Amino acid sequence: MSEYGDRHIDFVTRHYKAGAFDTQKAIDRFNARYGADKDASRKVRRLRWRRSVAVAAAVALLLGLFLYDNQRNAWTEILADGAKTVCLLPDSTQVTLADGATLRYRNFDTDRKVEMTGKIYFDVARDESRPFEVSTGNAYIKVLGTRFQVDASASRKSVTVYVESGKVLFARDAAEEGTVLEKGMGATLPDGKQTPVLDTQDKLNSLAWQRGTFVFNDTSLKDVLKTLSEHYKISFVCTDLSKRLSGEFSTDDLDMIITLIESALDVNIMKM
Amino acid sequence: MESTFRYNYRPLCLYALHYLNDPDAVEDVVQECFAALWEKICSGAEVANRRAYLYRAVRNRCLDRLRQKGLQTEELKPQDAYGIIDDDDAQERSQIEARLWTAIDSLPEKCREVFLLSKRDGLKYEEIATELGISENTVRNQISKALRILKEGADRIYSFFMSFFA
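The listed protein sequences correspond, in order, to chains A and B. Heads up, the first sequence is in my numbering, so the first residue is 1 and it goes up one at a time. Heads up, the second sequence is in my numbering, so the first residue is 273 and it goes up one at a time.
A couple of the hints might just be wrong.
Heads up, simulated EDC-like pairs for lysine to aspartate or glutamate below, C-alpha to C-alpha not over 16 Å straight-line [claimed, not checked]: (1) B:Lys382 with A:Asp266; (2) B:Lys417 with A:Asp266; (3) B:Lys382 with B:Glu408; (4) A:Lys25 with B:Glu274; (5) B:Lys417 with A:Asp6; (6) A:Lys243 with A:Glu230; (7) B:Lys382 with A:Glu248; (8) A:Lys157 with A:Asp191; (9) A:Lys17 with B:Asp361; (10) B:Lys391 with A:Asp6; (11) A:Lys17 with B:Glu381; (12) A:Lys25 with B:Glu304; (13) B:Lys423 with A:Asp240; (14) A:Lys222 with A:Asp240; (15) A:Lys222 with A:Asp191.
Over the 10 Å line for every Cβ pair with chain A, so calculated as not near, a few chain B residues [stated by the list, open to error]: (16) Glu274; (17) Gly316; (18) Ala320; (19) Asn321; (20) Tyr325; (21) Gln340; (22) Thr345; (23) Lys349; (24) Ile356; (25) Gln363.
These are calculated hints, taken from the structure and not from any lab test. Given the structure is predicted, the values throughout are model-derived calculations rather than measurements. Every residue gets a Cβ at the ideal spot worked out from N, C-alpha and C, and that includes glycine.
Model the full structure from these sequences, guided by the hints.
So, in structure tokens, the structure goes:
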């Protein structure tokens with residue numbers, strides 16, 4: 001067996017290229033080509049504004065105007081149903097919706113306003129003249145061009161924003177004074193509070209679902225397992241929680257992560 | 273479709289690598305095969321075993337590419353670091369090798385760097401030590417650490433597959 005293992009290792013090592021064969025990238029590439037209209041996991045619906053039929057009785061010119069207005073005011077809604085969904089908005093902003101999240105917008109001609117639920121990662125195309133605005137019903141976020149994540153999942157009873165790069169204004173609503181977040185900062189706005197509270201704990205892995213990797217940097221095994229447990233929604237038992245771990249792990253394969261941690265740190269981990 | 277992708281993408285890449293020896297070409301081939309499968313499903317055709325379909329498609333496309341380059345019979349066989357292997361073997365190994373690839377991805381950074389310089393790029397311990405400004409002893413330790421992690425990984429994966437097929 002050992003020799004057999006060597007042949008595997010030699011073959012893989014000889015061809016190994018960092019960053020190649022990235023499953024997540026391949027899926028994104030595939031979705032960009034085929035996911036848009038055909039994939040059952042993503043549904044785009046157009047919701048029409050209800051309008052008085054009486055208007056339609058107006059002269060032809062007015063009718064033309066009405067139809068134009070009607071089209072402009074149509075909602076486009078994106079729903080991630082069953083799987084993570086990546087799509088491009090009309091202004092080239094890329095959004096990654098976690099399973100169950102929704103996003104809708106009306107028109108992107110004069111401003112860029114979206115409404116959302118659930119957890120969404122935004123990579124906003126820069127446009128100084130039109131800020132990008134996100135509402136969750138009980139929180140408001142405004143940016144120029146940056147990468148950030150909003151988690152407004154109903155189960156959390158609070159809205160959390162994490163900024164990967166750039167600057168973000170985070171407030172209760174557009175009229176309130178808010179908190180400005182910069183690169184690497186996160187903040188939480190609990191239900192019923194007026195201003196967001198800055199997060200102090202390490203948020204290194206809050207984007208793991210979007211990136212497809214966990215990053216640990218001298219992290220205690222206790223925190224490592226907490227991160228894994230939140231991500232995969234299962235519990236672990238471990239023989240020694242005091243050891244510390246560094247490295248990057250693909251989120252693809254939990255069993256492999258556990259195997260690696262076990263052999264690197266000489267501990268035993270069991271899934272519950 | 274996404275889960276089909278998730279479970280099979282890397283193994284298929286490793287499988288194709290036994291034929292093509294070129295990571296970039298491999299990713300294109302595998303991507304094309306997923307596209308072909310997707311179009312087949314969209315057109316209403318039944319694909320009973322997606323994995324078997326994908327492996328067959330990847331093999332055919334790899335052979336097409338090699339023939340286009342004007343290669344002959346013997347050169348169309350899958351290979352590993354030591355020579356020609358048979359196709360069943362390549363299929364079976366791709367599952368294990370995909371996990372080893374993940375394992376290398378996940379090695380501590382310094383450890384991976386030293387390991388690859390030695391085993392992939394063929395540098396001597398002495399050369400690696402000079403290039404990275406570390407002692408030869410550290411080089412030796414990092415490499416044996418990487419090998420230990422990968423071997424344990426391979427053993428476990430192997431016994432996992434064996435118990436799975438038994």
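Right, here's what the structure says about each hint:
Between B:Lys382 and A:Asp266 the CA atoms are separated by roughly 19 Å; this puts the pair beyond 16 Å, and the hint is violated. Proximity of B:Lys417 to A:Asp266 is assessed by CA-CA distance (about 12 Å); at most 16 Å being required, the pair is judged to hold. A threshold of 16 Å between alpha carbons decides the hint, and for B:Lys382 with B:Glu408 the separation of about 14 Å falls inside it, so the pair holds. Note on A:Lys25 and B:Glu274: the hinted pairing holds, with a Cα-Cα distance of about 12 Å set against a maximum of 16 Å.
Using a Cα cut-off of 16 Å, the hinted pair B:Lys417 and A:Asp6 holds, with the two alpha carbons roughly 15 Å apart. Distance check on the hinted pair: A:Lys243 and A:Glu230 sit about 20 Å apart at the alpha-carbon level, beyond 16 Å; violated. At roughly 12 Å between alpha-carbon atoms, B:Lys382 and A:Glu248 fall within 16 Å of each other, so this suggested pair holds. About 6 Å separates the Cα atoms of A:Lys157 and A:Asp191, which keeps this hinted pair within 16 Å; it holds.
In summary, the hint linking A:Lys17 to B:Asp361 is not supported, as the alpha carbons are separated by about 23 Å, beyond the 16 Å threshold. Note on B:Lys391 and A:Asp6: the hinted pairing holds, with a Cα-Cα distance of about 12 Å set against a maximum of 16 Å. Distance hint between A:Lys17 and B:Glu381 is fulfilled; the C-alpha atoms sit about 14 Å from each other, no more than 16 Å. This hinted pair checks out: A:Lys25 and B:Glu304 have alpha carbons roughly 15 Å apart, not beyond 16 Å.
Only pairs whose Cα atoms come within 16 Å are accepted, and B:Lys423 paired with A:Asp240 is rejected, the gap being roughly 23 Å. Of the supplied pair hints, the one linking A:Lys222 and A:Asp240 holds, its CA atoms being roughly 9 Å apart against a limit of 16 Å. Using a Cα cut-off of 16 Å, the hinted pair A:Lys222 and A:Asp191 is violated, with the two alpha carbons roughly 29 Å apart. With a least beta-carbon separation of about 5 Å from chain A, B:Glu274 fails to lie farther than 10 Å from that chain, contradicting its non-interface assignment.
Annotated as non-interface, B:Gly316 keeps its C-beta farther than 10 Å from every C-beta of chain A; the closest such distance is 13 Å. Chain A leaves B:Ala320 outside its interface by the beta-carbon criterion, the shortest separation being 19 Å against a cut-off of 10 Å. With a closest Cβ-Cβ approach of about 20 Å to chain A, B:Asn321 is found to remain outside the 10 Å limit, as its non-interface label requires. Every C-beta of chain A lies more than 10 Å from that of B:Tyr325, the closest at about 16 Å, which supports listing it as non-interface.
Distance check on B:Gln340: its Cβ is at least 21 Å (rounded) from any Cβ of chain A, clearing the 10 Å threshold; non-interface status holds. No Cβ of chain A comes within 10 Å of the Cβ of B:Thr345; the nearest lies about 22 Å off, and the non-interface call holds. Every beta carbon of chain A lies more than 10 Å from that of B:Lys349, the smallest distance being close to 15 Å; the non-interface claim holds. Its beta-carbon lying about 13 Å from the closest one in chain A, B:Ile356 satisfies the requirement of being farther than 10 Å from that chain.
Distance check on B:Gln363: its Cβ is at least 13 Å (rounded) from any Cβ of chain A, clearing the 10 Å threshold; non-interface status holds.
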